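There are 2 protein chains.
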Amino acid sequence: MRGVLDIPEELIEIQQQVAGGLVEVEQIFAQQLASDLLAVDAMCEHVERYRGKMLRPTLVMLCGAASSPDSKVGRSHAIAGAVCEMVHMATLVHDDVLDEAEIRRRGETLNQLRGNEMAVILGDYLIASAYELCSSLDSPIPSRIVGNASAVMCTGELLQLHNRDNLSLDETTYFEILERKTAALIGASCELGALCTLGFDQQKSDVVVGLRAFGKRVGVAFQIQDDVLDLTGTQEVVGKSVGKDLEKGKLTYPLIHHLANADAEQRGRSLEMIRAAASGSANETGELVDAIRATGSIDAAQKMAKSLIGDAKNELTAVEDSPSKAMLMVLADAVVQRSH
Amino acid sequence: MRGVLDIPEELIEIQQQVAGGLVEVEQIFAQQLASDLLAVDAMCEHVERYRGKMLRPTLVMLCGAASSPDSKVGRSHAIAGAVCEMVHMATLVHDDVLDEAEIRRRGETLNQLRGNEMAVILGDYLIASAYELCSSLDSPIPSRIVGNASAVMCTGELLQLHNRDNLSLDETTYFEILERKTAALIGASCELGALCTLGFDQQKSDVVVGLRAFGKRVGVAFQIQDDVLDLTGTQEVVGKSVGKDLEKGKLTYPLIHHLANADAEQRGRSLEMIRAAASGSANETGELVDAIRATGSIDAAQKMAKSLIGDAKNELTAVEDSPSKAMLMVLADAVVQRSH
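Those protein sequence lines, which keep their order, are chains S and H. Under my numbering, the first sequence has 153 at position 153, and the numbering climbs by one with no breaks. Under my numbering, the second sequence has 306 at position 306, and the numbering climbs by one with no breaks.
FYI, nobody ran anything at the bench for these hints, they're computed from the structure. Model, not experiment: these values are computed from the prediction. You may find that some hints are simply not true.
Repeated chains share a single entry, so a pair holds when one copy, or any two copies, can fit it.
Said to hold, decoys possible - Here are the computed lysine to any residue pairs in the SDA-like style, where the Cα-Cα straight-line distance is at most 25 angstroms: (1) K306 / A277; (2) K248 / A39; (3) K248 / A276; (4) K204 / S35; (5) K204 / N148; (6) K248 / M273.
Given the sequences, and given the hints that come with them, work out the whole structure.
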């Protein structure tokens with residue numbers, strides 16, 4: 001939540017509850033990764049650089065609170081939150097292996113190779129630790145949910161890899177990638193939060209199904225916004241290097257929309273610029289981004305993301321009104337309004 | 001078991017039971033990895049090249065049978081066996097990322113980079129699928145065992161990476177690496193097999209503790225034998241490329257023993273040859289292997305491995321005599337007698 005949200009007065013209390021929960025998440029997180037080996041502790045220090053907005057633990061906590069407004073969120077929610085954040089971080093770490101491969105294409109040093117090996121091991125350690133932690137929830141159901149979400153995430157990564165440099169990627173495949181790569185774990189976070197409150201045998205209850213569907217739609221919207229920021233943001237504001245998708249030959253919603261809506265001449269010119277960016281021979285993507293704007297493709301992406309947030313909110317009909325539910329709505333809006 | 005063992009007459013029946021169990025393991029394995037995405041199925045075909053001796057599922061089955069000779073091994077043992085094999089295969093796949101990094105040091109093609117990314121994703125998919133499958137065992141205990149073993153394996157890999165090119169690696173650290181990297185999962189396989197028979201609340205029973213300790217010692221012996229074969233084997237017999245440890249700057253038992261027992265002059269010459277092999281400037285390690293043999297270091301490694309197998313068998317006092325227990329003993333002996 002850290003600065004992402006402008007919180008209305010009446011939601012301050014729930015916001016503070018969540019903040020307290022996140023402190024517990026961070027403690028559990030650090031405790032689970034601690035080791036008797038100095039080398040492991042040194043490796044885990046690198047994890048710090050992957051710290052983010054804690055979106056997944058926040059959703060665990062809010063969905064936990066929203067699924068039964070009378071009960072409090074507790075230790076199990078904090079554990080589930082730490083598990084989801086750990087799985088998420090593992091994917092960031094392993095994404096870096098892929099990213100570093102890209103940098104290496106342009107001829108880099110041996111040092112980065114060792115960094116690469118470390119990234120593989122660190123990612124594996126995070127995944128394994130997440131599963132070990134998850135098994136402390138005293139039911140195999142959360143392990144099943146987290147295992148399944150992780151496997152689905154891998155298939156999304158694979159689908160993305162298969163479509164690298166595919167300049168005729170269609171919208172259907174793009175959404176398929178997003179649903180797997182990003183939405184599966186965010187949906188699982190919401191489901192876990194609700195189950196920690198209602199009991200792990202409640203997977204089919206309307207509230208749990210609704211919150212999970214909410215999370216999945218928010219997840220897709222989140223990734224579209226990420227893709228927009230990768231094109232339009234600046235490194236200082238976004239907090240990570242931008243233009244990565246183009247470098248990696250990844251077609252995202254704004255580009256797919258642009259190529260479908262540009263006239264033949266512009267389309268040819270844009271394809272040329274996309275190829276140049278993907279091969280590392282373009283230093284600057286300003287002209288391409290201008291062209292994407294000119295076909296209204298950034299606006300179209302943001303409209304799509306907002307419409308998904310509308311759909312997400314509609315999934316919450318079975319969830320009783322409460323400050324937590326209101327906060328989920330605020331958070332959902334923030335996901336597509338954020339500039340970082 | 002495939003050809004690893006010479007089976008005494010009286011053990012044929014249990015051997016056939018295990019063989020039947022392994023068929024079920026393979027079915028569960030394939031089923032768990034199957035996907036509705038063509039790209040995933042194509043990726044999983046690569047898994048075939050990592051197929052091995054099925055040591056871990058064999059141990060699951062034999063320990064399952066040995067822990068209560070009157071009961072039959074069943075579906076849960078096959079599931080646990082598939083889980084252990086999948087986790088093991090994931091580590092092989094990710095090891096290849098490290099290996100390919102090495103090949104790339106000497107200047108390889110872009111194609112291998114893509115293979116690298118695929119290996120990261122495939123390994124992650126195997127781990128995630130293993131955890132998902134494990135959660136079908138209807139208790140969080142197996143997930144805890146497998147999660148913990150995987151995390152410990154990562155710390156072993158990390159310790160190994162930290163000690164790459166450390167030519168003064170001592171025996172204590174070498175054994176620490178082996179216990180984590182190899183023995184943890186083999187111990188877990190034995191434990192899981194016993195728990196599938198006796199019930200997941202029996203972790204502290206003498207039989208389970210004994211079988212787990214047996215597995216851990218067999219695991220260390222197994223890895224020592226692997227390290228010996230990497231030095232003395234030929235690619236045709238071992239079935240994988242040899243001399244890898246030297247190339248990767250990994251000091252193993254025979255080398256540690258050799259450096260501790262060679263005279264000053266030989267020691268200097270050997271260190272030179274080890275450095276040359278690690279930097280890729282040696283084409284041939286015959287002279288080094290001869291020197292290692294001359295200090296009796298291959299024999300010492302094999303003696304150490306055999307002594308560990310003796311210790312392993314001594315861990316089985318709480319386990320009632322049965323053909324399965326006898327088979328465990330035969331298998332333990334085979335681990336250090338194998339040439340592949």
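- Going back to the hint list, which numbers does this structure go against? 1
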